[in-house]
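Chemist: Here are the chains, one letter per residue:
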Amino acid sequence: GAVVSQHPSRVICKSGTSVKIECRSLDFQATTMFWYRQFPKKSLMLMATSNEGSKATYEQGVEKDKFLINHASLTLSTLTVTSAHPEDSSFYICSAEPRDRGSEKLFFGSGTQLSVL
Amino acid sequence: QKEVEQDPGPLSVPEGAIVSLNCTYSNSAFQYFMWYRQYSRKGPELLMYTYSSGNKEDGRFTAQVDKSSKYISLFIRDSQPSDSATYLCAAGETGGFKTIFGAGTRLFVKA
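If you read the protein sequences in the order shown, they are chains A and B. Under the working numbering, the first residue of the first sequence carries the number 1, and numbering increases by one thereafter. Under the working numbering, the first residue of the second sequence carries the number 1, and numbering increases by one thereafter.
Be aware that a few hints might be false.
[As the list claims (entries may be wrong)] Now the in silico label distances, taken between C-beta atoms and shown as ranges: (1) P81(B) <-> K55(A): 42 to 50 Å; (2) Y71(B) <-> F39(A): 24 to 32 Å; (3) G16(A) <-> R60(B): 23 to 31 Å; (4) T57(A) <-> R60(B): 22 to 30 Å; (5) R10(A) <-> D7(B): 40 to 48 Å; (6) S9(A) <-> K110(B): 25 to 33 Å; (7) Q29(A) <-> S69(B): 35 to 43 Å; (8) E63(A) <-> K2(B): 18 to 26 Å; (9) I18(B) <-> P86(A): 37 to 45 Å.
Quick caveat, the hints were computed from the structure, so don't treat them as lab data. Just so it is clear, CB atoms sit at the ideal spot from N, CA and C, and this is done for glycine as well.
Work out the full structure: start from the sequences and follow the hints.
Modeler: Structure below.
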């Protein structure tokens, strides 16, 4: 199956710092990548859709200046949490949509646990 | 009403039991349906993908879609403790629309 690599798996940072999370598709090209946030025992909450070479589309209520998304190539998207605060602590997951396998199957990264002190 | 409804559980079964996980959906335009398994603090893993109605079997897992009743099911035969995880159903329309996820059902298989 398709492999999506997400790094780091865990990050602890001080309040006010910025954190970058990387999502890479290792064996396929991803036209579109998605970023989710997940709270404990809750389902995935879509934050934004990232398309290669264009601006990300953010879901309602998600601050685009807070959560910067860059999809610089067909295999890499990054999410930067700027000026992180404790309320940003969460589990962040990316998924990628293979370019040549139809638009439905999503393959997920392993997630990043962000803890802001 | 959420587009995809799923009972969050938890569901606890003994090892070897047949597990039935279910979702309902409201959008009749949904054409594809998926089940994902998610272990704690890991990303979801695609288990089953079904296009339109019907059954699909893969080892101990069977996915069923009944579009007439807008009902999605996942059956796990001979359940194992390693099946303990959260199972997420998902559905969507073709043509570049977003995939919609259910809330996920937490399953515990007791040895």
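Chemist: All hints are to be evaluated individually against the structure, with a verdict given for each.
Modeler: Outcome of the hint check:
1. P81(B) <-> K55(A): 42 to 50 Å: The hinted range 42 to 50 Å holds for P81(B) and K55(A), with Cβ atoms some 45 Å apart.
2. Y71(B) <-> F39(A): 24 to 32 Å: 27 Å, holds
3. G16(A) <-> R60(B): 23 to 31 Å: Taking Cβ atoms as reference, G16(A) and R60(B) lie about 49 Å apart, which means the hint is violated.
4. T57(A) <-> R60(B): 22 to 30 Å: 38 Å, violated
5. R10(A) <-> D7(B): 40 to 48 Å: With a Cβ separation near 30 Å, R10(A) and D7(B) fall outside 40 to 48 Å, so the hint is violated.
6. S9(A) <-> K110(B): 25 to 33 Å: 29 Å, holds
7. Q29(A) <-> S69(B): 35 to 43 Å: This hint holds: roughly 38 Å between Cβ atoms.
8. E63(A) <-> K2(B): 18 to 26 Å: 24 Å, holds
9. I18(B) <-> P86(A): 37 to 45 Å: 44 Å, holds
The structure is inconsistent with the numbered hints 3, 4 and 5, although it conforms to all the rest.
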